[in-house]
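2 protein chains.
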Amino acid sequence: MSDRGLLIVLSGPSGVGKGTVRKAIFESNDNDFQYSVSMTTRKKREGEVEGVDYFFRSREEFEQLIETGEMLEYAEYVGNYYGTPLSYVQQTLDAGKDVFLEIEVQGARQVKEKVPDGVFIFLTPPDLQELKSRIVGRGTDAPDVIEERMKVAREEIEMMALYDYAVVNDEVPNAVERIKKIIESEHYRVDRVIGKYIRMLKEM
Amino acid sequence: MSDRGLLIVLSGPSGVGKGTVRKAIFESNDNDFQYSVSMTTRKKREGEVEGVDYFFRSREEFEQLIETGEMLEYAEYVGNYYGTPLSYVQQTLDAGKDVFLEIEVQGARQVKEKVPDGVFIFLTPPDLQELKSRIVGRGTDAPDVIEERMKVAREEIEMMALYDYAVVNDEVPNAVERIKKIIESEHYRVDRVIGKYIRMLKEM
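As you go down the protein sequences, you meet chains A and B in turn. One point on numbering: in the working numbering, the residue at position 102 of the first sequence is 102, and numbering is uninterrupted. One point on numbering: in the working numbering, the residue at position 107 of the second sequence is 107, and numbering is uninterrupted.
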């Protein structure tokens, strides 16, 4: 019912299984999200297609886009930039289609600043639910080990605070179903649909 | 995962089918909501049970509860009060169970003031989606007829603005599924679960 697509951002601590969950979502045939093709400054490899695997750009072009605020999010890995160009995402959203990004938490933080009305989903490890037993263990661990676990847990909870939803990745199919329900529900949010009704009334 | 239950409020314009949808939700066996038993000042009828069908109270007792702010919402119909006592709802939510209310829009407005973090779902008639054709009709209607339809549509859209979600009641089973997905998704909201994690960390 909403005119504009939703920007859906899936993120979470490293090792939580974001990529596996994202693949499972795109493999199911009842989704209607668009891939967001990333941009990179690394060399095109044999068989890779511009605009399909990546948008391949020079370092100068990429840095120009960063400066003019045209990257939704980006990071540098081993001397090359990787990121999400804003233009593709905006065009797809404007066309009324949902865009699904699966990115690292640093990237998600950048997206949150630029698109605050996106749907931010934090994938949590199943053991965050059993935080206490996970940290205290069997009561035989050294205090510094327990302290380190508390630090990691505190960081994960701090990260989570920036998101709209927390989904436990206990089993991939469960996580996929939860995420799909969240996305469908977000389409029913009054603040996403009421504008359409108001415009219809005004146009008459 | 959340400690406290959710207060779910289903409302919408009269005639939209709120009661039918609520009954279908409670008849499905995969729900875990609690009924909220209403309170009334009308006489108990043959076979009705205190605390099951209604809480039966005198007019004085009911008005006392209104004055002390202990009614979540109430209204007067044909000389009798009907309403939702706050205490039952609070106790059930405190016990970690979801409470589902299906009430008129005036009542929902009162609940919104007292429990702003409830989940407010507005059931819309299917023809609100086809607002334009519904109002303009076949182009042969008198201007005052069209004006009256616009007024009704405007009122429905204004009501909707107070809610979190708008669910179209095109077919009862569809509306039921949408509402269930919304409720499940609301349980994944970070602001509903993060407090639990923070408390767990603090307790260690």
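Hints may contain errors.
No copy labels: a pair is met if it fits in one copy or bridges any two.
[What the hints assert, rightly or not] Listed next, the in silico DSS-like pairs over lysine-lysine satisfying Cα-Cα at most 27 Å (straight line): (1) K23 to K114; (2) K196 to K112; (3) K97 to K151; (4) K196 to K97.
These are calculated hints, taken from the structure and not from any lab test.
Status of each hint after checking the structure:
no. : hint         : verdict
1   : K23 to K114  : within (25 Å within a copy, 43 Å between copies)
2   : K196 to K112 : both (24 Å within a copy, 24 Å between copies)
3   : K97 to K151  : neither (39 Å within a copy, 32 Å between copies)
4   : K196 to K97  : within (16 Å within a copy, 35 Å between copies)
Of the numbered hints listed earlier, the single one contradicted by the structure is hint 3.
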